[in-house]
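Q: Once you've looked at the hints, dock chain B against the given chain A.
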Amino acid sequence: MYFVYIFYMDLINFLGVTKRFGNFVVLDNLNFNVKKGDLIGLIGKSGEGKSTFLKVLIGFYDINSGKILYNGSDITRKNKLSKIVGFCTQENSFYENLTIDENLKYYGKLYNITRIQLKKRIEELLDMVSLIERRNAVAGNLSGGMKRRLDFAISLLHNPELLILDEPTAGLDPLVRKNIEELIEKINNSGKTIIISSHMLDFIENKCKTIALLSKGKLNQINIDLLRKRYPKKSLNDIFPYIVKS
Amino acid sequence: MKGITKLPTIIQKNIKLVFRSYSSLLLLVLGPLLLILLVGFAFGGSALHDINIGIINPPKDVILSQIIPSKSDYTIFPDKEECLLSLKIEMHHACLEFSEDFATKNIEGKIVSVGEITLYFNNAQFNLANKLESSLEKQLQLTSDQITLSSAKKIIGDINEAVRSMQETQIKVQFYTERAQKIKDELEYAKETMIFVRSDYEQTSKHISEVLAINESLELSSQLNDLNKSFHENVENISRSIKSVETSIGKTEEYVNNNSNLSVNLSNARKNLIYIRNNLESASNTFDSFLANAYDYNALLANATASNAELLELYGNTSLKLNQSIARIEEDITFIDSAIKDLERTNESLSFYISKFSGLEEEQALSLVNPIHSTFTTLLKDLEKISLIFPVLLVFIISFIGILLSNMNVLNELHSQASFRNFLVPVHFFVFAFGLFVTNVFMVSLQITVLLIIAYTQFSINFFPVLTDFIITTLLIMFIFILIGMCVAYKVKTKQNSIILSTFLALGFFLFSDVIFPLQTMPKLAAFFASLNPLVIGEEILRKLLFFNIPLSAQIGELLLLISYLIVLFILLYISAKKRKMAF
Chain A
1 MYFVYIFYMD LINFLGVTKR FGNFVVLDNL NFNVKKGDLI GLIGKSGEGK
51 STFLKVLIGF YDINSGKILY NGSDITRKNK LSKIVGFCTQ ENSFYENLTI
101 DENLKYYGKL YNITRIQLKK RIEELLDMVS LIERRNAVAG NLSGGMKRRL
151 DFAISLLHNP ELLILDEPTA GLDPLVRKNI EELIEKINNS GKTIIISSHM
201 LDFIENKCKT IALLSKGKLN QINIDLLRKR YPKKSLNDIF PYIVKS
Chain B
247 MKGITKLPTI IQKNIKLVFR SYSSLLLLVL GPLLLILLVG FAFGGSALHD
297 INIGIINPPK DVILSQIIPS KSDYTIFPDK EECLLSLKIE MHHACLEFSE
347 DFATKNIEGK IVSVGEITLY FNNAQFNLAN KLESSLEKQL QLTSDQITLS
397 SAKKIIGDIN EAVRSMQETQ IKVQFYTERA QKIKDELEYA KETMIFVRSD
447 YEQTSKHISE VLAINESLEL SSQLNDLNKS FHENVENISR SIKSVETSIG
497 KTEEYVNNNS NLSVNLSNAR KNLIYIRNNL ESASNTFDSF LANAYDYNAL
547 LANATASNAE LLELYGNTSL KLNQSIARIE EDITFIDSAI KDLERTNESL
597 SFYISKFSGL EEEQALSLVN PIHSTFTTLL KDLEKISLIF PVLLVFIISF
647 IGILLSNMNV LNELHSQASF RNFLVPVHFF VFAFGLFVTN VFMVSLQITV
697 LLIIAYTQFS INFFPVLTDF IITTLLIMFI FILIGMCVAY KVKTKQNSII
747 LSTFLALGFF LFSDVIFPLQ TMPKLAAFFA SLNPLVIGEE ILRKLLFFNI
797 PLSAQIGELL LLISYLIVLF ILLYISAKKR KMAF
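Residue numbers (the numbering used here), protein chains in the order written: chain A, 1 to 246; chain B, 247 to 830.
In isolation and in its complexed conformation, chain A is listed as follows:
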């Protein structure tokens, strides 16, 4: 009953997932659960395998062992994750020489979205990321914040249940960063599950319910409220070295 409950409740489950590159173990028998609607902050020291973990999560890398469940179904060998997951890389991932509209249409077609649905979806997304007025602008000519928002829109084109954001506010000025953070919150509030990999610990501390700490190939999911209780009056920035060590 317990497992049934967990599977029923969890959107994604990583069970004993191991990923090696040759003899080098990056993810070591890793377990990870994502509940629908979660906003999870993925933290860890540089070089601990966050990118590898995210690429496994988006289905880019096959795993060496373990299982990946989606809504309780084993999708380890089915490569279904790309359909479930939307991914925003640290750097924007679209064609700078295409317009916003063209980028969205191009990726929409690749996701097998019908023409009518795509049109509707583009309208929704552009509205959501506040780029409807600039839809015919060439992506390369957009501001940093706009580019970021376009990237979010593209990641959400196929209406993924889980959105993974890798350093979404890196390189942005505080105002734009705030704007992006608000957008993330907005997307999360729209029902999307979000995993943010970021060094912006204050944002994770303020917005995420759970942090996933990746260290030495293992992943620990920590409830942010528990952390606050344990380390009162201390920010995540302060306690990060301790929790990494512990």
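Treat the hints with care, since some could be wrong.
Unchecked claim - Quick list of in silico lysine-lysine cross-link-like pairs, PhoX-like style, CA-CA up to 25 Å:
#1 A:Lys35 x A:Lys209
#2 B:Lys824 x A:Lys67
#3 B:Lys825 x A:Lys83
#4 A:Lys35 x A:Lys80
#5 A:Lys67 x B:Lys827
#6 B:Lys827 x A:Lys119
#7 A:Lys83 x B:Lys827
#8 A:Lys80 x B:Lys824
#9 A:Lys105 x B:Lys827
#10 B:Lys248 x A:Lys119
#11 B:Lys262 x A:Lys120
#12 A:Lys83 x B:Lys248
#13 B:Lys827 x A:Lys80
As the list claims (entries may be wrong) - Ranges between beta-carbon positions, derived for each pair:
#14 B:Asn743 x A:Phe24: 22 to 28 Å
#15 A:Ser46 x B:Met247: 54 to 60 Å
#16 A:Lys119 x B:Lys262: 16 to 22 Å
#17 A:Lys233 x B:Phe265: 55 to 61 Å
#18 B:Met247 x A:Lys35: 56 to 62 Å
What the hints assert, rightly or not - If you want the ones that stay clear, here's a sample from chain B, every Cβ over 10 Å from chain A, calculated:
#19 Asn298
#20 Ser318
#21 Lys430
#22 Glu434
#23 Lys567
#24 Phe830
Read the hints as simulated data drawn from the structure, not as lab findings. The C-beta atom is built at its ideal place from N, Cα and C for all residues, glycine as well.
A: Using the frame of chain A, we list chain B on its own:
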């Protein structure tokens, strides 16, 4: 393949990206346009020009224009080192050093140069050196040939003159032979006559000798004297006898007067005796007359004998002279005979040499100078240089554009921020690679089309008679080089290295082909590998196709080789693209 239906979307996006950049667009259209015009412009000329030649040690009276190619300037250098220095700094393109014994000669009224010339080239300027060497060699060979030709013509002229002289001499020889033959005949006749005369003489001499001998043996005079004496003695004896008889008779008559009969008889006997005496007297007279005559005759005979003796002596002398003359005539005949034989031999020899040399004409001088007369006939006549190099040019351009453009396009895609997202969509990674391949084919085709339009309209290169085969071949070559460029882009991670490698590969295909050096000049192994170069194969197919209408069906070996390359390269592209995906 998952997402293969998305191929048009991917290609559309790729083309849109390329065409969105005006510089790319210009490059796509203007690039080949400029390239073909540039090549057409560059290959328009044929002869060397603006060549500076340094002259070392030019002999006096040498006509340099005979030796130096046209459209060349020359500078006279005081020494070799200075000229070579000028050659090294490329102020001059060749140095010509004349030998000390270089001189001019007058051949048939033409002043020509004869001697040794040493040519110095800067072979660092490889192609120019080759061209120049060949041009100068040709020029010098031409001059040399002209000189040799003039000499040969003169020799032939001399020979013909000699032949004419020989013919005249032969006529004379024949004339003298005939004359000598006649003289010989005459001499032989004279000799025979002399021999006959000599024999007559000998016989006459013999007779005279015999007569003389008889005369001598006769001693006619003494015999006549003896005869005279004896005759007269006999006459006297007879006269005495007759007197005695008459005396007797007279005595008898006296006796007989006594006897009539007997007297008659005795009278008769007297009468008879008188008659005998008369007769005797008459005989004596006659004999005296005869004797007188005999003496006269004897005197005449003596004279004749003396004359005969003289004659005999004369005969002896004449006979001797005749013998000498006959011997001389015999010698002369032998000599004349030998001379006739010599003349005949000379005549034969003259006939031989006349027949041998009389066929020579001055026009044959060229075949004497160049006994092997070569005629170079090209299969493709009336074709301009640009047309001839068109297959090479086309394959070369396809290879360069194919490799570099596809490499750049793939690199742009792979290094674009968007490329990672392409791996997240439910489309097989190879569909993107294939989409890029098709895009590259489209773009290179566009360029080649521009190039072909220019080639057709400006340089009259007609590929329409073999259009289908031409398109198939061009596409095959294009696919191969595009795939090579793409594989490099997928395989080599950094942009710079990838571009450098593609450039090197393009250059490698170019240099390791027969574009610069013919395969036949390469070492065998290198030539074998070079013959497998798709650039070489493509060029060969197009050459046969365009110039000789040899269809692809007749070039199946080459075609299969290109198809094999294509298959291997597609496999390599797949592997490279997969590895590249995993490397993200």
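Q: Under the criterion that the straight-line Cα-Cα distance not exceed 25 Å, is the pair lysine 83 of chain A, lysine 827 of chain B satisfied?
A: holds (18 Å)
Q: Phenylalanine 830 of chain B: least C-beta distance to chain A exceeds 10 Å?
A: About 7 Å separates phenylalanine 830 of chain B from the closest Cβ of chain A, which leaves it inside 10 Å; violated.
Q: Taking C-beta pairs only, is glutamate 434 of chain B more than 10 Å away from all of chain A?
A: Per Cβ check, glutamate 434 of chain B is outside 10 Å of chain A; nearest 125 Å; holds.
Q: Holds or violated: are the alpha carbons of lysine 80 of chain A and lysine 824 of chain B at most 25 Å from each other?
A: holds (19 Å)
Q: Return holds or violated for the Cβ distance of methionine 247 of chain B and lysine 35 of chain A against the range 56 to 62 Å.
A: violated (36 Å)
Q: When you take the CB atoms of lysine 233 of chain A and phenylalanine 265 of chain B, is the distance between them in 55 to 61 Å?
A: holds (60 Å)
Q: With 10 Å as the threshold, tell me whether lysine 430 of chain B passes as away from chain A on beta-carbon distances.
A: The claim holds: lysine 430 of chain B sits with its nearest Cβ about 119 Å from chain A, beyond 10 Å.
Q: What's the verdict on lysine 262 of chain B and lysine 120 of chain A, does the C-alpha distance respect the 25 Å limit or exceed it?
A: Holds, because 24 Å separates the two Cα atoms, which is no more than 25 Å.
Q: Compare the distance between the alpha carbons of lysine 825 of chain B and lysine 83 of chain A with 25 Å, and conclude whether the hinted pair is satisfied.
A: This hinted pair holds, its Cα atoms lying about 23 Å apart.
Q: Between the alpha carbons of lysine 67 of chain A and lysine 827 of chain B, is the straight-line distance 25 Å or under?
A: The given pair, whose Cα atoms are some 23 Å apart, holds under the 25 Å limit.
Q: With 10 Å as the threshold, tell me whether asparagine 298 of chain B passes as away from chain A on beta-carbon distances.
A: holds (53 Å)
Q: According to the definition I'm using, a residue is off the interface if its beta carbon is farther than 10 Å from all beta carbons of the partner; does lysine 567 of chain B meet that for chain A?
A: holds (138 Å)
Hints 6, 15, 18, 24, counting from the list given before, are not met by this structure.
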